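Number of protein chains: 2
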Amino acid sequence: MKQYILNDFALDNDSLKLGETIFHNANGYLGVRGSFEEGYPEGYDSVRGTYINGFYDFAAMPQAEKLYGLIEEKQTMLNVADTQGIVLWVDGERFSLFEGTVLDRTRCLDMEAGVTTREILWRSPSGRTVRISVKRMASFWLLPLFLAEYRVEAVDFSGEIRLCSSHRGDVRNYFDPKDPRVAGEAFRHLLVEKTEWEGDVSYITSVTSKSGLRAVSAVRNRLQAEHVQKTAVRTEDTVEERFSFPLKEKETAVLYKYTILCDSIRSGDVRGEAAKRMEQALSVDVEELYRRQREYLAGFWKNCAVEVEGDRDLNEALHYNMYQLIQSAGRDPYCNIAAKGLSGEGYEGHYFWDTEMYLQPFFILNEREISKNLIRNRYSILEHAKENARLLGHKKGAAFPWRTIMGKECSGYFPSGSAQYHISGDIAYAVVSYYLATRDLDLLEESGAEILLETARLWMDMGNYYQGKFHINAVTGPDEYTCLVNNNYYTNALAQHNLRWACKAVGLLEEAHRAGRVLEKTGITEKELEEFAQAAEAMYLPYDEELGINPQDDSFLQKAVWDIASIREEEKPLLLHYHPMYLYRYQICKQADTVLAHFILEDAQDLETIRRSFAYYEKVTTHDSSLSTCIYSIVAAKLGDMEKACRYFGESAKLDLFNTHKNTKDGIHTANMGGTYMAVVYGFGGLRIKESGLYLHPRIPGQWTAYRFRFRYEDAVAEVSVDKSGCTISLLEGNPKEIHVYGRECRLEAEREIRVTQ
Amino acid sequence: MKQYILNDFALDNDSLKLGETIFHNANGYLGVRGSFEEGYPEGYDSVRGTYINGFYDFAAMPQAEKLYGLIEEKQTMLNVADTQGIVLWVDGERFSLFEGTVLDRTRCLDMEAGVTTREILWRSPSGRTVRISVKRMASFWLLPLFLAEYRVEAVDFSGEIRLCSSHRGDVRNYFDPKDPRVAGEAFRHLLVEKTEWEGDVSYITSVTSKSGLRAVSAVRNRLQAEHVQKTAVRTEDTVEERFSFPLKEKETAVLYKYTILCDSIRSGDVRGEAAKRMEQALSVDVEELYRRQREYLAGFWKNCAVEVEGDRDLNEALHYNMYQLIQSAGRDPYCNIAAKGLSGEGYEGHYFWDTEMYLQPFFILNEREISKNLIRNRYSILEHAKENARLLGHKKGAAFPWRTIMGKECSGYFPSGSAQYHISGDIAYAVVSYYLATRDLDLLEESGAEILLETARLWMDMGNYYQGKFHINAVTGPDEYTCLVNNNYYTNALAQHNLRWACKAVGLLEEAHRAGRVLEKTGITEKELEEFAQAAEAMYLPYDEELGINPQDDSFLQKAVWDIASIREEEKPLLLHYHPMYLYRYQICKQADTVLAHFILEDAQDLETIRRSFAYYEKVTTHDSSLSTCIYSIVAAKLGDMEKACRYFGESAKLDLFNTHKNTKDGIHTANMGGTYMAVVYGFGGLRIKESGLYLHPRIPGQWTAYRFRFRYEDAVAEVSVDKSGCTISLLEGNPKEIHVYGRECRLEAEREIRVTQ
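Keeping their order, the protein sequence lines are chains A and B.
Under our numbering, think of the first position of the first sequence as 1, with each following residue one higher.
Under our numbering, think of the first position of the second sequence as 759, with each following residue one higher.
Heads up, some of the hints might be wrong.
[As the list claims (entries may be wrong)] List of simulated lysine-lysine pairs, DSS-like, C-alpha gap at most 27 Å:
1) B:K824 with A:K572
2) A:K66 with B:K1330
3) A:K662 with B:K1154
4) A:K619 with B:K1060
5) B:K1153 with A:K572
6) B:K1154 with A:K66
7) A:K396 with B:K1330
8) A:K66 with B:K1482
9) B:K1144 with A:K572
10) B:K824 with A:K210
11) B:K1153 with A:K66
12) A:K395 with B:K1377
[To be verified] Far from chain A by the CB rule (all over 12 Å, computed), these chain B residues:
13) L764
14) D928
15) R1070
16) M1164
17) T1240
Quick caveat, the hints were computed from the structure, so don't treat them as lab data.
Computed from a predicted model, the values in this text were never measured in an experiment.
No residue lacks a Cβ here, since even glycine has one placed at the ideal position from N, Cα and C.
In isolation and in its complexed conformation, chain A is listed as follows (with noise of 0.2 Å):
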């Protein structure tokens, strides 16, 4: 059983909000955090945030000193109205976990369920008990529904209940006003057109201030309880529904609350679509909601089933984990997956290359609609990267924003934004793994293509040749501790791949006479594509003779080393506590950066060179980001070190559930989520999918009796367990297949399990 059950968290500030991240409900459209109904006592802060995937405002962003294209405006993700309150009175006295005798709680999020749980067992300052179970869903059914049941049960007493059930449009996003850093951003993004009643469902229509984009909420109330008087009552922006019955003892009422979400991105009459989705779940049984949720987890759990025998806390946060990235995923070309999922407003919701780096690996082995959509978002924004490449300088290409909502730069400070140029790497990188494991032309046909010509023209844009080579001067790459370098590994070897497939795309659509539109659409010609190609072969892969690895820029080697032995605990992160400046002139890695090319890219070099780049980077990287030791993980693995792929993947599994990096109440930390699959599928499991096909080199870590894991492949779903002796492939559906395990070529067929020892 896929749950995780908790005594609750303590009461207090850091607490409630991590236990709102924890605990929130997603379904990739819309999420709410985990807050307290009843709300908190006055003093203390939660982020009570409700948003809608892609809904964002514009924001100034002023710089300091204004230069010629630096970015002045972003977007922000907006908490677009709470509809979490339900305020509870026994007999006259308001219900608070803060007040009375709280007897017992317990929180639980089923991953099987879909749904969150909180149960209370509370006796009022009188001396009243009650129990109190709430339960609370995003539905996955049906994406704008979020379903809130709320049950009293009077255990020792009969008497008097009221329930103040509020719809409010009055929100905005978080702040600290004590904080003088974000207190700029105590602007009301989100504006109140109108609240009215249609019948029994209440509905707000609010509207942004800049970006012109409208939000509808619509809420209904279902109480099922005896003798109920009702009471509604409704101002400017906010409407309430109060209700008052009595309760005997042992009895228990139940109010179901239900919450559409539209939004005028995706529907052209926001508040009739809101009607018509509000309809919709009140025509179904709320048991039957339950059941398609069920129903739709179930699929989800079946494809992607990682099970590890030995370690129940891992198996669990393994889950959790997975979990949250159905629950974070875009579902429409409209958005993609935020940097935080829609768990929290870290980061306000915008989108970075994890999406493509650390969440498609998963999408594409398991979910490929949902990989499909995530491609065709970041399609969806090529007049923006075309755009976002003239700002830059380029006279063209596509250079893709380093964080966005809707498709403008968002980055303030570009030597570690605009600069991480990978980032359109990263997306023409996830194009060609999507094709590879699907060797579907039909998304290369309508996207990919156009995405992988527009990018290698970027690169042709920003390069020189030099001394026969073809170079990336003033370049950050994935490390932010060194930013603005030539000739950074990561970022060449990806242009390198870039350039390459885009030439075989077009080779592969020509081949199957598909290529008119994409060849019309960019008027891409054979000149061009030759110097794609000359300029992949040409590309300067920096390599240090002396140390047999790969610098990971042409001056990262002459820097001083920074010892990360000396790095004093106050002063971690380094980010937090050195000017970054400081940090450039230093040999410290913030993360992942030549190791991570070394993951990817891996036939770009040899073994023992690999092997080598590994050991030196591993002495200067500190880990600060969360996107760097899930890659630790897999190389580790990958050269055999199966006690260091261990600790590293801890380190990474962990980090949320157990809030290593003590920020998970800002939201959680999808792209290291991500990466945990990756630890295991990838790193572990060793599985690759390269032109020349499938491969695997499963290893099991010392402390694992066993482990297992599906995956899909072409038009096949695989299975791997794997023991102490070695692996079990098995072929679960579709057609047989050549692969490669441990080096060794095996067809997997149906009802013929392939058992391979190392």
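The hints should help you fit chain B onto chain A, whose structure is shown.
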């Protein structure tokens, strides 16, 4: 006669502002822009400013992304009061250049008298003609004094004259409400605390919003006329005196308006100080004030006499530039020389490296007290420079702020701000230059050696050894089109000089038994000095064998060359049309960088290397900075290319007076003005003062018939006259000297001119 006369500028916004700059009055302490006393009609926009050197408020400068150590508060020079206003009514008709008939108008800057004048012959709409003569002076004798003399002659009528003389505290700095980029600055920094009368003097006391400084302006109107009726009006923040009197045909009335400005930086009892200074001003006859002004300037021109024969315009521009230097330079340790002097609000009154590298060369040779004071001002902010070093991560040493007023860094974009660490080397260089020209151990003992040691410590903390050489990474040299590079040649060469001279200074003081103070103050150890010496010897100075030049930095030569000829007019200057990162990717220089190093540290490389470097960098330099052409002129002269030297010199000399950069309206370019002087004396004159003595190598441009200049050297004053056949050098003051002329040793003695031919 040193006069600059003009039939005044057109009456459009840009020309009005240009005129305000060109004809501003300043004396190093205060500056008043040359606005029309009578103001401009509604809708006209000017920068009506009065400034005190070093008087500032703090202003918020939020960063788009908040990284550790980024500066979020700057200082800004304030417009302190408006005492320029004198409005004239001629028989009820208000005088304005925008109405009636302007029969004649001229404006003049008399650089020997130290005054500006405005002469207007105006016929009112009803036909009354007046001659108005305004003379303005910022007194060099009494620095807090600004005097305006306003004469009105009734040319062809007898009638009633009214004069309104205003004194306003309700001032703010310039902003353009139509330009959203500066609208944020529409903040009133200075608030009036009190307006008052004491006898005939009005006082306005104002206090800054954040820096807690006070300024007092005092005004006294003395009218020479008969049958005067006077009224005085006082509001919360303004004071006005209105005079009404009859004037007969051909008669003249004169209003003397005295302004005194005092501030709490320099005085504990500002109000009392203002009264005392006003008394001092009034105690002297006006003619005597003018005489003392002339006397001061006679001394100035005697010292720094530079005369060119054969190019009248150029001579005029040269005099204009030198005059601006003496108007701009602070006279006490509370201030320095702003990039725009006291002539406007461009760069917010900040002090840059301009002082040391472009202005000190002039003052060291001509006005030693000012030179010494400029060093003392830097010394006064040494503790801030140490704090700045800590903020930048350095464990020791002093990093002088790239731009500042009171000592804290004001640079909002560090890649072309704080990253220009060379400013610390520049300040050290000025300390050494002052010493070499004066052999004055006093200044070294009192402050100079300490500056040298603390800046040397900075280089030690910044650099690291690599392959036996001392490297300095992640810095920006003078060229702001190439930022955050490794081993910038200019920076490294200057750091080498800094480290060497830190050791030498201690040696010199020890030899004279005067090292006690600096040793105690800095706690410098023998070991540190040895490390300085070692690092200096091991300093890595990039050299390219193939090209035989010094590359600007480690990676400059591997970048693509930007064909300067291809730059379209509408793309100039590049910084206003390209993202900084795009520029960083090219071999394109905003200004002299390595070429500047080849001038100031010419012995670090042989002449042929310098020649090849010059030729190389000339092809990739846009001179988008006003600090560039003068340096190219100097090095071209050194290389004997007089045609080029002249061309670059011409571009430099006429920049402000002919408004060639189109932005003189924001203020003069003091560094370029100093550069013009340097181009004559260091460029054509070939003057160098080195440890080994004084060198001259005069050359004469083809268009000139002769030129001459004077300079101080140790206890001497010398004059160099150059004509087509050679040069004559005479000792005007001081003891005999051994000097080098055209590489030959000569003895300079009193009353014995040396005549040398090349």
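*Given as non-interface: T1240 (chain B), which should sit over 12 Å from chain A by C-beta*: 9 Å, violated
_Between the alpha carbons of K1153 (chain B) and K572 (chain A), is the straight-line distance 27 Å or under?_
Holds, at roughly 17 Å.
*Given the hint that K824 (chain B) pairs with K572 (chain A), does the C-alpha gap stay at or below 27 Å?*
17 Å, holds
*Do the alpha carbons of K66 (chain A) and K1482 (chain B) lie within 27 Å of each other, as the hint requires?*
Outside the cut-off at roughly 49 Å; violated.
*Is K619 (chain A) within 27 Å of K1060 (chain B), Cα to Cα?*
66 Å, violated
*Sort out whether K1377 (chain B) lies within 27 Å of K395 (chain A), counting only the CA atoms.*
23 Å, holds
*Restraint check for K1153 (chain B) with K66 (chain A), where alpha carbons must lie at most 27 Å apart*: 31 Å, violated
*asked:* Quick check for students: does the CB of M1164 (chain B) sit more than 12 Å from each CB in chain A?
replied: M1164 (chain B) clear of chain A: closest Cβ-Cβ about 18 Å, beyond 12 Å.
*Was L764 (chain B) rightly flagged as not at the interface, with every chain A Cβ beyond 12 Å?*
33 Å, holds
*Taking C-beta pairs only, is D928 (chain B) more than 12 Å away from all of chain A?*
With a cut-off of 12 Å, D928 (chain B) remains clear of chain A, as the shortest Cβ separation is near 27 Å.
*Are K396 (chain A) and K1330 (chain B) close enough, with their CA atoms no more than 27 Å apart?*
Roughly 21 Å between the alpha carbons, so the hint for K396 (chain A) and K1330 (chain B) holds.
_Nearest-CB test (12 Å) between chain A and R1070 (chain B)_ = 40 Å, holds
Checked against the numbered hints above, the structure breaks hints 3, 4, 6, 8, 11 and 17 and satisfies the rest.
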